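Visitor: Chain residues, written in single-letter form:
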Amino acid sequence: MRIVAADSGSAILNEEFAPQKIVAVSAICTEVPYRNAFTQLSELLMTAVNQHDLIVKELRMCKKLLRLASADAVHLDMSLGGIPVSQLTMSDLQDMSISSKAKQRIREVLPELRKQATEIEQEFNVELLAIGKESLPVRIAELTAGAYSVIYASAEALKHQRTILLGLPALCTIALGEREVTARSLQQGEHDVVGFAEDSDNVIQKIKIEEFSNPAVRGFRVLRIAAKEA
Amino acid sequence: MRIVAADSGSAILNEEFAPQKIVAVSAICTEVPYRNAFTQLSELLMTAVNQHDLIVKELRMCKKLLRLASADAVHLDMSLGGIPVSQLTMSDLQDMSISSKAKQRIREVLPELRKQATEIEQEFNVELLAIGKESLPVRIAELTAGAYSVIYASAEALKHQRTILLGLPALCTIALGEREVTARSLQQGEHDVVGFAEDSDNVIQKIKIEEFSNPAVRGFRVLRIAAKEA
Amino acid sequence: MRIVAADSGSAILNEEFAPQKIVAVSAICTEVPYRNAFTQLSELLMTAVNQHDLIVKELRMCKKLLRLASADAVHLDMSLGGIPVSQLTMSDLQDMSISSKAKQRIREVLPELRKQATEIEQEFNVELLAIGKESLPVRIAELTAGAYSVIYASAEALKHQRTILLGLPALCTIALGEREVTARSLQQGEHDVVGFAEDSDNVIQKIKIEEFSNPAVRGFRVLRIAAKEA
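Residue numbers (my numbering), protein chains in the order written: chain A, -13 to 216; chain B, -13 to 216; chain C, -13 to 216.
For reference, chain A alone in the conformation it holds in the complex:
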């Protein structure tokens, strides 16, 4: 069973570790044994943390990826019990046991979501499921966005010659290779689950990175990224 999924991840933090901007969005395609992506797409986001239409962006990334890789299902980062998005109605939403804030956010984008979902279903003959945090493919997408965010934040640090604090996805640690970044899951039972990012512009070798834990949110790690001194 091949599954496409998308998620956005990592945040630029201020000095008090409060998130300012979401850094990256990734769509991935994975299959048994569901440990990593075999095809993937990532984009720089740098959008405000309170922006509500990230899910629409994620849906578009899935659509792009489906043109490169066929799949049996699409998993979206909306934790609504796995309901197909094209059939999701305002009244379904009303009955769900999620916070009223979360409901309001989804309500605002629901017409656009359903439109996109219906188009994707017709074009690619695949169901889009609102499965969210229960999905391992969504987790792989989150880790992939986490890996790419390191490259994007490093490019930013080089360009502006300033230090950047990057908040990684939950329970995720970074390992740097010569030309790639690996984001490993620290979640129990996910010791073999990773996201990769290719460093095609060769920025990783020009920066120094220090990883430490976020003192105010247990389970989250932070990178301090700075240009290497010449």
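Check before you lean on any hint, since a few could be wrong.
One copy or two, it doesn't matter: identical chains are merged, so the pair holds either way.
[Stated by the list, open to error] Derived DSSO-like pairs (lysine-lysine); straight-line CA-CA distance at most 27 Å:
no.	residue 1	residue 2
1	Lys194	Lys145
2	Lys145	Lys43
3	Lys194	Lys101
4	Lys101	Lys49
5	Lys89	Lys194
6	Lys87	Lys43
If you're looking for bench data, these hints aren't it; they were derived computationally from the structure. All values derive from a computational prediction rather than experimental measurement.
For chain A, the structure is supplied; the task is to place chains B and C on it using the hints.
Guide: Here is chains B and C on its own, set in the frame of chain A:
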């Protein structure tokens, strides 16, 4: 302190990873340091996932085991805060903060449960506690059922010469020995907790097993079991 | 960012593993990468588990430590979303989504808490945050109290020549050195987080310790501490 506990575990899955049948039930006896069972009993179940009287079956397994091994307490897989089962009343149940669905399930079997519990208390001079998921002995029973389910599912795959998808208990991974199956916990703080199953009919050597993560339920692993080609 | 935090931890258990007395309180100062304390203070508590003013004791320990080490923030073990304690009012408390039992406990000590917090803010120019279990420094303080509790309980076992059951903090395991005790976190994502205790009276070498899991509370470990036979 010696504790007897029982649990059922593992499910036969369909191609969409939806559980169809519960595979095995185990009762175990454990003592300090509570890492594995020193005496155990397991049986093939293959009952529908929506059947509600598994707890009665589990209680009977405890009774069988108590004839082989004395214990200071019995832990049952009902998460009711550790209340003694023989004293559990409909009105206690009403006041508990568990789902109304869970209440309904327990209500249906409560008379039978109390009858069995009272008999066991009198015969073996031991209290039966509704402690559920907080109990490490119940976890060891779950892992033991997980280990035996691999042997039962393998025998099924051999008999019918078909591939079987087996959904393991939460946060559990399987290791195959020459004549035994080990189910290890992947839960945090349980790196040394295991269940064992003896492969007395020598079926493990005749099958091939692939383990991977369930893409739609994070933390759960799946085995694809098939007969080795001759 | 340097952070001071305090917590109390470990409990003397009876034979049924029920907690009787809280053993130790620690205040620590930590900084990037937030893996351990660089300065710390610990005291023997041995107070009843139902005593409600531990938070006041913890606050006083923070105050003592602030005289030894400056800090940018103080983290307290009250899980109220990170609100500054000096500004916490009865009506704030009323609106919070915590249990009415927890509210009642805080209400009883709130005047004393606010008084202490205001004094500390003025003397040390630092904010005291009610961040609780989300704080990694509070976790390091908890592990430090866990490490010291082993020494305190060992001294007790030697003095009275009796066996003591010590319940460790959640997801914590103990390693004994020649002259120190290390409490390591078993929590996911905290594999590198520890608390230390120095064994200045050399009691560790005189006792034998056995570690095992608490059968009735998953994730908690227990030590059986006894004097070595001469």
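Visitor: Hint by hint, note whether the structure agrees.
Guide: Now the hints, each set against the structure:
no., hint, verdict
1, Lys194 x Lys145, "within (14 Å within a copy, 53 Å between copies)"
2, Lys145 x Lys43, "within (26 Å within a copy, 50 Å between copies)"
3, Lys194 x Lys101, "neither (44 Å within a copy, 45 Å between copies)"
4, Lys101 x Lys49, "within (13 Å within a copy, 58 Å between copies)"
5, Lys89 x Lys194, "neither (41 Å within a copy, 46 Å between copies)"
6, Lys87 x Lys43, "within (20 Å within a copy, 38 Å between copies)"
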